[in-house]
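Visitor: Spelled out from the first residue to the last, the chains are:
Protein chains: 2
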Amino acid sequence: MWRLRAALCAGLLLMIRSCLAQEGAWWPNRGDPQRLWTGEDLSAMKPGDSPYGALWPRPRSVQISDDFLYLSPARFSIVHGSSSTAGPSCNLLQDAFNRYYKYIFGDSKWQESENRPLGELQLLQVVIISPDSDCNAYPSISSDESSLETFSQLVYQDDIGLFLINKTLISDAPRFGHRGVLLDSSRHFLPKKILFRNLDAMAFNKMNVFHWHIVDDQSFPYESAAFPALSKKGAYRQYTHVYTQDDVREVIEFARLRGIRVVPEFDSPGHTQSWGEGQPSLLTPCYTGEQLSGSYGPINPIKNETYTFITKFFQEVANVFPDHYIHLGGDEVDFSCWRSNPDITKFMADHGFGTDYSKLESYYMQLLLEIITSVKKGYMVWQEVFDNHDKLTPDTVVEVWKEKNYQNEMAAVTAAGFQTILSAPWYLNRISYGQDWIQIYKVEPSNFNGTEAQKKLVIGGEACLWGEFVDATNIMPRLWPRASAVAERLWSNQQVTSIEDAYNRLVKHRCNMVKRGIPAEPLYVGFCDHEGHL
Amino acid sequence: MWRLRAALCAGLLLMIRSCLAQEGAWWPNRGDPQRLWTGEDLSAMKPGDSPYGALWPRPRSVQISDDFLYLSPARFSIVHGSSSTAGPSCNLLQDAFNRYYKYIFGDSKWQESENRPLGELQLLQVVIISPDSDCNAYPSISSDESSLETFSQLVYQDDIGLFLINKTLISDAPRFGHRGVLLDSSRHFLPKKILFRNLDAMAFNKMNVFHWHIVDDQSFPYESAAFPALSKKGAYRQYTHVYTQDDVREVIEFARLRGIRVVPEFDSPGHTQSWGEGQPSLLTPCYTGEQLSGSYGPINPIKNETYTFITKFFQEVANVFPDHYIHLGGDEVDFSCWRSNPDITKFMADHGFGTDYSKLESYYMQLLLEIITSVKKGYMVWQEVFDNHDKLTPDTVVEVWKEKNYQNEMAAVTAAGFQTILSAPWYLNRISYGQDWIQIYKVEPSNFNGTEAQKKLVIGGEACLWGEFVDATNIMPRLWPRASAVAERLWSNQQVTSIEDAYNRLVKHRCNMVKRGIPAEPLYVGFCDHEGHL
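Keeping their order, the protein sequence lines are chains A and B. For the record, in the first sequence the residue sitting at position 486 is 486 according to full-length UniProt numbering, with numbers rising by one throughout. For the record, in the second sequence the residue sitting at position 419 is 419 according to full-length UniProt numbering, with numbers rising by one throughout.
Keep in mind the hints are simulated off the structure, nothing from the lab. On a predicted model such as this, the values are computed, not experimentally measured, just so you know.
Short, incomplete list of chain B residues facing chain A, as computed with Cβ under 7 Å: (1) ARG187; (2) TYR236; (3) PRO477; (4) GLU521.
Here are some chain A residues the structure puts well away from chain B; computed CB gaps all over 12 Å: (5) ASP67; (6) GLN122; (7) ASN136; (8) SER142; (9) LYS232; (10) ASP246; (11) CYS286; (12) ASN319; (13) PRO342; (14) LEU392; (15) ASN408; (16) ALA411; (17) GLU452; (18) LYS455.
For every residue, glycine included, the Cβ atom is placed at its ideal position computed from N, Cα and C.
Sequences are here, hints too, so could you generate the full structure?
Guide: Laid out in structure tokens, this is it:
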């Protein structure tokens, strides 16, 4: 029995330019009769095989040879390399080692290869080479990344149950630093279990930002410590349909262990109907003629109490969510209620806003942005905040979401020197019949008129799943593997555009997700060895 | 404590014009303060409330009064009425009693009402009045129906956990006798568990025919006793992706206990690529010029061996599936391979078919139909078999599936005196963004030019979920509650067309399904008290 050593070089968290190197192995040759029983000859399989196996997203550089080693579940270990700056005290890595051992070997029956003249891979050494490999830190936009995920995707099982891995050289790093998924827990409440499962799926696809659109008009499930009435009255149900402070902490930690940032969105001044349930004086009272109509509009921007509330509320949010960024929304403000309100009319006149209500919107946003800066946070905003010429700090991230002419908006935002992320073509709540992942996959975020410097300001994108038509019953198969198409677009080289090769890998990657408990829907006809059971 | 007796009058299986009558109750009056804490005042709920509660499909005639009784999980029983022709030896009813007790009371915490001046419903008597109530029989197209389902849909829980039922008078019977769901286990294999879950959902929606499109081009998961090679070579995987004879029996029995018929479809002569894997001489070899191309076309209709195989195979099918009907397919036969084959060309000439290959198709179908008649079965066919003027037995059911001008086809089929079922507008595999259940709901099967006698030949319809894009991961939320719209259309009066009332009931019915373990997707924004967990 040969003993092998593999070194997986990695950066902060789970790595940078991972590389798998073997020494002293016995390699069966191509065409060796042994290959027949290993099940490696997969030519009969539909769909076809990719030269990149089941790797998803495709790494920057991959060389998979025909030579392979086998892995014994009884003997294989994942360990810290001797030159690593991390060690057993790093719970993040220990957790990852355990998790990936299970992903690789699963519950399936396996076979040892005692009598086979095969090389065996017994050790995966993880070497963290970053000087600041703090295992307790939260990931950030500048974190170097890669993961054990790549290694696990290289392992496969042959027909008789042997675990095999081909000798492979990989050099990898993501193209974009912001690879997000937006979930909306307001139109439908999403149980914590579903959030966890989605974070797992994100990790399997190397996505690294959970954009948590946590509240909106329809419900306010965030249980605030400072303002408990917000969820008590604004959630669909005050006990079962809320995220307590502990729940939020658990979600953030679950994400951190997988190298995923949690960026919460508390959208205002529009999309705030549910805020008004527990904080009635916050919203603008609407009028019908000279009478109060009984309904409410956006946050009331002309009252001092509004800013007292907003300051205290976002101080809490800034403490609860460790990420540097808070998403402040700022989209789709409906001016009709403001127009109806005589106090607002007077305020507009006093401030010389004329009848341009976008100036009133800017007035509110500007104060909000200053509050956020005062609590030492950066912010993300929807494109309207940029369009309204609000004064933004240089590290602001502008999210482009309007589908029409989104390339023009990308050009304008980057020409003004702001970082941007793209979600316009990736509203995955929209569905159509057939293989719509192909259109999702074909999007090229840098495809707009601009200089190289402008293109560098595109820091990534997000797959958005708005919640009108999804809840725990259908959210996972609706999102996955369609969001995988976004994941590869944001990770892999710009030149990775073959639909056929993507299909061949994504079919396998989808089955790997299903095997790991993610009910990712099928791309087209076919099967997985392990069908998903709900 | 008042003791009440309720009688649920029922026909064969579980019913016919069920009626719930109470005697000697104390009824709180409308406006009684007691009503406040019962949670009956649901006016704050969005969506609105229907006068028909959560009943789905809407029964023929319903009178729900404001008076209500409470049910104690500890004391409530479902029993055979003394005048019933069925008794404890009827396992079908015993199983249903147990099942529905659990559906009604679930696992939720409940509350007794010892100190409340409320009437209590302690007994549900089920009275079967059919003279031939054979509990071991299989359901048929002429079975009278209704169910405990209606009773269970009337029970609700108030805010403090009391189970309540309003005094209600119901008279019910379905409008159409054939209310089907087609699942396709060939494009993707559907684990038995999923079939069971779908049968449960069908029962919750009073659908009564499982049209099992069990094999097709892509795979042959039916494990034939006479021809085991068909699945051994034609299934996606020979052990894990097949239905054994035991599996099939289990599915049929699971369906029978819920009043659901299982109509298997073995589609031929087209859609049979997978048959050829295990029965290679069955299919027509295709030619490129004068050379065999290596690919195969539809079943070869010119060989005697074909009919020897078909006879033996359908003899088995006729034995395994107890329903009177077998669906023989007959759709979408591609003539290009037949055209390329010189033996077929000669046969066509010998029989004077000219170049009309639909005559060759009819030649095959005619022999097949005779074989089915010889094994004492009736058949269902796709519309092409009718369109080709094949000679059909009078009890044939023609299924209209082509969307274009389907009303004309309904008129033609019924004008020729054949029974028909409609599936053309109900291909639920097709999806679009938004509330597409409304279009599904608006279909009126009798909406074609024809006499009253013709309309009577419309015996129902089917929601078809073809399997290209669905497997175990997404099939249930894709199908439900969209198929519920078909269910009500086929059960309720033609006059039941209010979208608003349907929405108000379907939202509740969807949540009831979720509570019972069916991951039925949401119609729109909102919530269920018990969110679905996958």
